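Those protein sequence lines, which keep their order, are chains X and U. When you line the first sequence up against my numbering, it's residues 1 to 179, in that order. When you line the second sequence up against my numbering, it's residues 1 to 143, in that order.
Hints are not guaranteed to be accurate.
Some but not every residue of chain X turned toward chain U, in silico, with C-beta under 10 Å [what the hints assert, rightly or not]: (1) Asp2; (2) Lys58; (3) Pro111; (4) Leu122.
Worth flagging that the hints you see were computed from the coordinates, not collected in a lab. Since the structure is predicted, the reported quantities are computational estimates derived from the model, not experimental observations. Ideal placement from N, C-alpha and C gives every residue a C-beta, glycine not left out.
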Amino acid sequence: MDDKELLLKLRNPETINYGFNLLVRKYQQKIYWHIRKMVIDHDDADDIVQDVFVKVWKHIGSFREDAQLYTWVYRIATNECLNFLRKKKLRLFLPIHDVQNELAEKLDSSPFIDGDEIQLKLQKALLKLPNKQRMVFNMKYFDEMKYEEISKITGTSVGSLKANYHHAVKKIEKFLTNN
Amino acid sequence: MKLEDIKKKNIYSVPDRYFDQLPTRIQSRVNEKKPVWGLSLSWNLTLRVAGPALAVILIIFYFSISNNTGQSTDDLLAQVTTEDMIAYLETTDITTDEIIEGLDFSTIDLDFYEEGPIMQNMEMSDEEYDALFDEYGIDGDLL
């Protein structure tokens, strides 16, 4: 079912629950993986993905049709994710590198992570990036999204995203070479 | 090392049947959230009622404070010292004429019209007048 049909169901009080269920089933995996790559831990990702869809439910009435539904859901997920990481930093009174260390430790100790040495090294290299840059890298490299799509989600210009991604690749390659 | 040298792979996984159960868990949270609309309505109602109620409470509080002092405006003004009153009048735009217009002369003791100490001191002998005229170079015959 495409997003237009989904929206019709969401706007009808008689089919809103059914429409929402379809929306969750359609986007849950994309949104979960988008979040999981940022927060590393499954339980954290599980909490955030639920919060995202609860927010989608609460604000679906204010959704404007000039944006695509999936872009809007992604944007909510991106904001929730970045807020989670920001709060984590504030709550622990830790400088950013300590949050990165905490996430790096989770890479080694958390369940539901299965990668060889070079894959884990790549993930640790990603944790050295600022959160927003890491998110842009994930969307481009792993999710293979177009810059135009990322631009709509993050509200950043395509030119800036290209420069950001290029910078991120350079930093990652330097880390992989030196470590 | 180049990024292309690394095989692109998702190293993360989820518990069994996680994505089968997630929609049900989200749906139950959404259902829990439904009363929130009611709560939000209650909040709106509370705010609409609380605003005027708070204003009434503040007014009552203000008047009770005012009444508890047991002092009228005249009493409060009487406590202001003359120096403070002069300092206040000097800094306001009230003119002397306006101050005089505001005075009730019937309630003020104008002792100096009577033969009080001031007028008594004004009584001088002819010799004293002559000495005063001499001091200021005034010809007493011209008066």
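Status of the hints after comparison with the structure:
no.	hint	verdict
1	Asp2	19 Å, violated
2	Lys58	7 Å, holds
3	Pro111	8 Å, holds
4	Leu122	6 Å, holds
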